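Trainee: So you can see what is in the structure, the chains are spelled out below.
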Amino acid sequence: MSLLLDLLLGLAVLGVAGWTLAVRGNFPAVIGFVAYGLLLALVWVRLGAVDVALTEAALGAGATGVILLFAVVRLRGGRAEIDAATPGPRQRIAAGLLCAMVGLALAVAVLNLPNPAPSQAAAVARHLPELGVANPVTGVLMAYRGLDTLLEAVVLVFAVLAIWSMAPDRRWGAVPGPVFPVQSSGPVSLLARLLPPVGIVIGIYVAWVGADAPGGKFQGGTILAAMGILTWVAGLWRLPPVASRGLRWAVVAGPLAFIGVGLLGFVIADGFLAYPPGFAKPLILLIEAAMTLSVAAALVLMVAGPPEGRRE
Amino acid sequence: MIYGLVASALVALGLYGLVTQSALLRKVLAFNLLGGGVFLLFGVVARRGGDAVPEALVITGLVVAFAATALALVLVLRLFQITGAATIAEDETPR
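Chains as they are written, first to last, in the working numbering: chain A, 1 to 312; chain B, 1001 to 1095.
Pulled out of the complex, with its shape left as it was, chain A reads as follows (with noise of 0.2 angstroms):
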């Protein structure tokens, strides 16, 4: 039943993705890679990994569709230009049989893998009471690979800058994005209204939970950004523009806390990001705070994309 079941959802995915690669138009290619993300999510529910699943739900199909979808909106015509760079059917040909090795590689890899497999499951479990943190992967994320965490709370601030600065000259200073009218009545209208005060608790509790369950800042700061997405789409929250001090803050709030936390460990424990014994929880919980500040502000700005309004 269960191999049934990992079978037809193994093909779901596959054939959502190789329809998504076929189909001619930019729109309903979006609408295939969404439901791709979606599929793909419960495929990690499948092996297990909660946490990945919920991300993946949150970012790959949820945020990414966004942005792709404000990209599709944007992108208009180009259709011969297209059709003239692309490669005649013999590079196809070759190209297939290139990628189809690749696939078969890995497939061989994948059938060849050691027994019994390498793990660092026991040392992970091992240390955890220290940690006083109860699930795993928070307490991976936040202090066996600490460091990868802070850089990629790092990449989050560069990304929104790199996107800022793709703003022309003359409208730099201004509200990210695009303005969107009030929405006094409609769907989104009404869902901007009733979600968020759920959404934001919800949120709030997911970052929460991290600790001791799946979860954690990254989903729970995606499900922050979507509500202030939502609100921001039906016109009833105006991002602040980027020369806003507080939204500048809130951006970096989350690695500089990260980083503040990482330079006190020299003063109170022995070295960077090291946690002293029995401060470990109240210090994960600060980081894990402020990070689900700073990755909700980011992942708006990224969806909203470089400023495009009128200054202030």
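Read the hints as simulated data drawn from the structure, not as lab findings.
What you are looking at is a predicted structure, and each value in this text was computed from that prediction instead of being measured.
Some hints here could point you the wrong way.
To be verified - Only part of the chain A face toward chain B is listed, based on derived beta-carbon distances under 7 angstroms:
hint, residue
1, 71
2, 82
3, 86
4, 90
5, 92
6, 96
7, 100
8, 102
9, 155
For glycine and all other residues, C-beta sits at the position ideal for the given N, C-alpha and C.
For this one, chain A is given, so just place chain B on it according to the hints.
Mentor: Chain B in isolation, oriented as in the chain A frame:
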């Protein structure tokens, strides 16, 4: 094991799309398909060890992939705004 094979096929599909499709938007899409396959492959291999370390790294990877996609799309749009081009094909006919 099924998902390991699915992931391998996804990598091949994504790579094929990345190479053969000329529209930049579709290249970004194909790249994300490819990325999904890579993460899945990573997850399948990780699951055999019952390990939280690769799972945590996949989450990190997903967030970075989103940031990269957002940046790529902004670049595609900016190129379109400035030159009106939807591909990076070189002009064969001089304008």
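Trainee: Hints first: check each against the structure and report whether it holds.
Mentor: Hint-by-hint comparison with the structure:
A distance limit of 7 angstroms between C-beta atoms decides the matter here; for residue 71 (chain A) the minimum to chain B is near 5 angstroms, and the interface restraint holds. Hint on residue 82 (chain A) holds. Least Cβ distance to chain B is approximately 5 angstroms, under the 7 angstroms limit. The beta carbon of residue 86 (chain A) comes within 5 angstroms of a beta carbon in chain B, closer than 7 angstroms, and the hint placing it at the interface holds. The criterion of a C-beta within 7 angstroms of any C-beta in chain B is not met by residue 90 (chain A), whose closest approach is roughly 11 angstroms, and the hint is violated.
The criterion of a C-beta within 7 angstroms of any C-beta in chain B is met by residue 92 (chain A), whose closest approach is roughly 5 angstroms, and the hint holds. Interface hint status for residue 96 (chain A): upheld, as the beta-carbon distance to the closest one in chain B is roughly 6 angstroms, under 7 angstroms. Given the 7 angstroms rule on beta carbons, the hint for residue 100 (chain A) holds: about 6 angstroms separates it from the nearest Cβ of chain B. Hint status for residue 102 (chain A): holds, given a least beta-carbon distance of 6 angstroms to chain B, under 7 angstroms.
Because the closest C-beta pair between residue 155 (chain A) and chain B is about 5 angstroms apart, less than 7 angstroms, the hint holds.
In this structure, only the earlier hint numbered 4 is contradicted, and the remaining ones agree with it.
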